[in-house]
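A.B. asks: Protein sequence lines correspond, in order, to chains A and B.
FYI, in our numbering the residues of the first sequence are 162 to 323.
FYI, in our numbering the residues of the second sequence are 251 to 1142.
Any given hint could be a false lead.
[Said to hold, decoys possible] In silico lysine-lysine, DSBU-like type, Cα no more than 30 Å apart, as pairs:
no.	chain 1	residue 1	chain 2	residue 2
1	A	K228	B	K904
2	B	K897	A	K224
3	A	K297	A	K307
4	B	K1137	B	K1106
5	B	K1005	A	K224
If you're looking for bench data, these hints aren't it; they were derived computationally from the structure.
Note that the structure is predicted; figures quoted are calculated from it, not measured.
Now for the letters of each chain:
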Amino acid sequence: MSKISTSNTGELLLAMRKYLDEFPGDTICALQIWYEGLGGCGVPTPADMEAMNAVLNTLEDWKPIGKVRYEKFGAQNSFQRVKPFDRNKLMGGGEQPDKLMVQHLFKVGGLYRAPDNRVFKVVLSEVYNLRCFEVKDGNLVGKMIKIHPTSDFAKSLVEVTD
Amino acid sequence: MAEKITHSICVGGPIAVHTEDGVIRRIRPIVFDKNDPKGWVIKARGKEYTPNRKTQPAFIAMTEKNRVYSYNRIRYPMIREDFVETPDGKNRNTENRGKSGYRRATWDEALDLVAREIKRIQTTYGKEAVTALTSSHHSWGLLGYKLSCFGRFFKMLGYTQVLDNPDSWEGFHWGAPHTYGYYWRLGGPETFDLLEDALQNVETMIMWSHDPDTTRGGYAGNESTMWRHWLDDMGVQFIYIDPFNNFSAVKQADKWFAPRPGTDTALCEAIAYVWLTEGTYDKEYIAKHAHRFDEWADYILGKGADKKPKTPKWAEAETGIPAADIKALARRWASTKTMGGCGLRGGFGGVSRTANGTEFSRLLVQLFAMQGMGKPGQNMWTGTTGAPMDYDFWFGGYSDPLSQISNQPIADKTAVNCVTQKLYRPNLPDAILNGHYEWYGEGFCGGGMDLEFTRHVYPEPGCSKVHMFYRYGGTFMGTMLDTNKWVRMYKSPELEFVVNQDIFFNGETRFADVILPACTNLERYDIGEFCNSGNGGYQSHSQTGNSWQVVVFQDKAIEPLWESRSDYWIFAKLAEKLGWGEEFTEGRTELDWCKRFWEKSDLCEKISWEEFTKKGYYVAGVPEDWERHYGFRWFAEGYPCDTPNHKPFQEEGKLGTFTGKFEFVSESLLYWAPHDEARTPIATYKHSWEGHHSLKADKYPFHLISPHPRFDYHTHHNASTPWLWEIPENRKYINGNPYLIARIHPKRAAEKGIKDGDLVLLFNERGSVLCVARVTYRVEENTIHAYGSSAIYNPVIPGETSMDIGGCVNLLTPGRLIGDMVPGMAPNSTLIDICKYEGPIPEGQLFEHKLDAVAKDADPDTPTCKEIIEGRGFEKLQAMFREKYLKGDAKK
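Please work from the sequences and hints to get the whole structure.
C.D. replies: Set out below in structure tokens:
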């Protein structure tokens, strides 16, 4: 059971809305909302899952994207934000705030395009530096490049999503 | 006489190698020069602490010379004498594997045969009919490591991969993530910068099932020994909990608790009982960071379904530890700043390799959570990792996909295995012998908690069974369980062809049809960082187990001895014979590959290739004002994770559990495995399926514990390093055979009529092993202690499941996995009996004649195995190589 009743649609919608507004990611599933957003204890019943998915289906800023694998939950029916989450918001405006890791603005394994059209793959994210290789014709080439996530160059990078 | 100094790394740490006239004369630690950076300085309690300016390898590293010229080096390619290359793979006298002798072959003959068999088997049955498997650590170096050149060859070939199990820390891998996440660290805690935290704050260290001087922080040699001395000197209390008063405990323990093996979980529950009833836990922390704590507390207090309070008195009956001592332990822990954990890196101890290992691991994490894990001086840290490190310098470790020649960016093209079928290492013999095997779990599940619950079937639907086994380095007789089944597997005609590529004529090597001699890493080029096991779904930043971050150019000290060759050379030649040699090498020599690792890391920014190869090593300094990133501090204080090796949910300040909190009732287990009897949603003490409550205990009343060895590393030193046999606590050389020491309590020894130094037989229904008794109060009364991972396996009837005189106690351990859904091994849940042995003592080790026959055939003057073991032959060998060098190689 959860702290929020899934049979009360209004209450459920409010609780989910609140959680999703603060959720810093772009992809979500009902199971994650159950445990993190609703304080769920135990496995949600099919009715609980149906109720949460029904709410997700009504949200205009989220769209269904089918099954996505989560490292904790395995493959789950998922929803994606229509407009990507502004992670700068979470990080307090993009500058390096106290105790926040600006490197988290970049995804390990993600591809980023520079203004000169070169594409970089983030292969590692240590404490300060993102470590990247340039990608040419699908291959990692050249030397390992360190990019500080607050540098002007980092700010100029745009995630390649297609 | 020309002396040359080169450098290398072995599993015991980095070394400098002195060579004179083509012969290795001396091995020593690397001593830093004035150009190397200053060491870090930790200021704590009015003092300053800084490391010695040298690497501090383990003593096993100092024996590399003995190992290079070992009596059991495989000198030439060999083919089993009675192997018949039948066109259909049948009638090959497979029943004689392990018994038969060998004949010398040329490299071309041996490799042509291997190539022909690979082609025949893959053409007849399919790509998946070939499987291959390495030991955990053949030797050190990014090029020669299993995930590198072995991985590249077999991925390019296409083969049935054998999934490794986390055989050193099963319980933490399969259990702890369900309490605190960290599946991407394979269940181990993060310990960044905790050395400084400990030096400044800790008052009590709980060393549970932990012998750091023996297990050496993994591959970190003796680097952390000094840290624990510092703590000792400042008055920190060390409490050791282990059925064996281990080698670290005897010199350091302020108090030693000896629980009956397999009952540690009951001890955890009783400690929690004391804290709950006395209110001595961090209630504020638990209120904020724990999930379903009250339900768990009810269980501990006897308000749960079993209605049994987990009192110290209750635990006394299980563990044998007096209730008053349990209370004192709990009170000391709660009233002082306490760090600790289980085994090297916090989660590797032998107790995690018991039937109750997952539950113990979960409860141990819960205990640390109850005391505010992550606050200064309160953490999971066992004095072996967490040194300051420059996170701005990166060089890859062996599990980093970025640091393997099978992958980009090191290779131009990534090698991809086209076969999806898999096998599981502990049960490989079951799969081969029964033709069918099913299990859960991907082995190492660093890629996701869900991977623990993946169901596998062998053979995969539509796939062929395996008919060829290519074994590479080490011997599973000493590291897997109930290992007589490996003997039975090798004799099966299902395996039409068996290859073994190894440096030494190990117990398992002797079951192969073709043996390919690899050289040691002192005879080839490689490159590697001290104690860096990488970040590829593994426990990252293991190099913080060192005081120094050292990358070594592993130079060739001498040319490969006899006809041995580097692993890379062997795979490259084999690839050439299979028609894809150029694709395998991409036109690179071994040195070229080494340079790629330099070029694709931060190393190339720090030192030129020429300077690096000339100097032999690079030390990455730690900035004077390095920024701290204390493990778990981010969670305790509620800010996004600032330690390296993070996951997206940590960015939000959450743990990697379903709820993001410490789960005292596991939601992930309720979701994934609600009916799992080995791992219940609340971690509980459960009677072992092989323990003192078992019916079997009437017949076999002793618990055998076989921890990771002090005088070896896996199976890589003891068998090939007779110098180690001179250590009385290790082995006793009798009649040409080094018998393993087995420890027994004086009271029980007297009952059995056993005296110190007697030959004793350890036995149960799975086998029997002949050892030498050490009668000592250092073991718990019901326990027999004998180190596992014996590299020496010498059955008195070679090739049969007979009595072993090599000390291979893994013949006695149960093949049963921890649970139906927990595919972990539990060697420390073994019941045996012991008796004084008064039968005949065999002459020698029972296999040397096979090596001697081939060696003498090639060179009648060469010393025999026994002569080399006993010293005179060792000197003669070195003299022969010196002469050869002066005649030929020196002129070159």
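A.B. asks: All hints are to be evaluated individually against the structure, with a verdict given for each.
C.D. replies: For each hint, the structure was consulted:
1. A:K228 - B:K904: At roughly 24 Å apart (the allowed maximum being 30 Å), K904 of chain B and K228 of chain A satisfy the hint.
2. B:K897 - A:K224: holds, 24 Å
3. A:K297 - A:K307: holds, 18 Å
4. B:K1137 - B:K1106: At roughly 22 Å apart (the allowed maximum being 30 Å), K1106 of chain B and K1137 of chain B satisfy the hint.
5. B:K1005 - A:K224: violated, 76 Å
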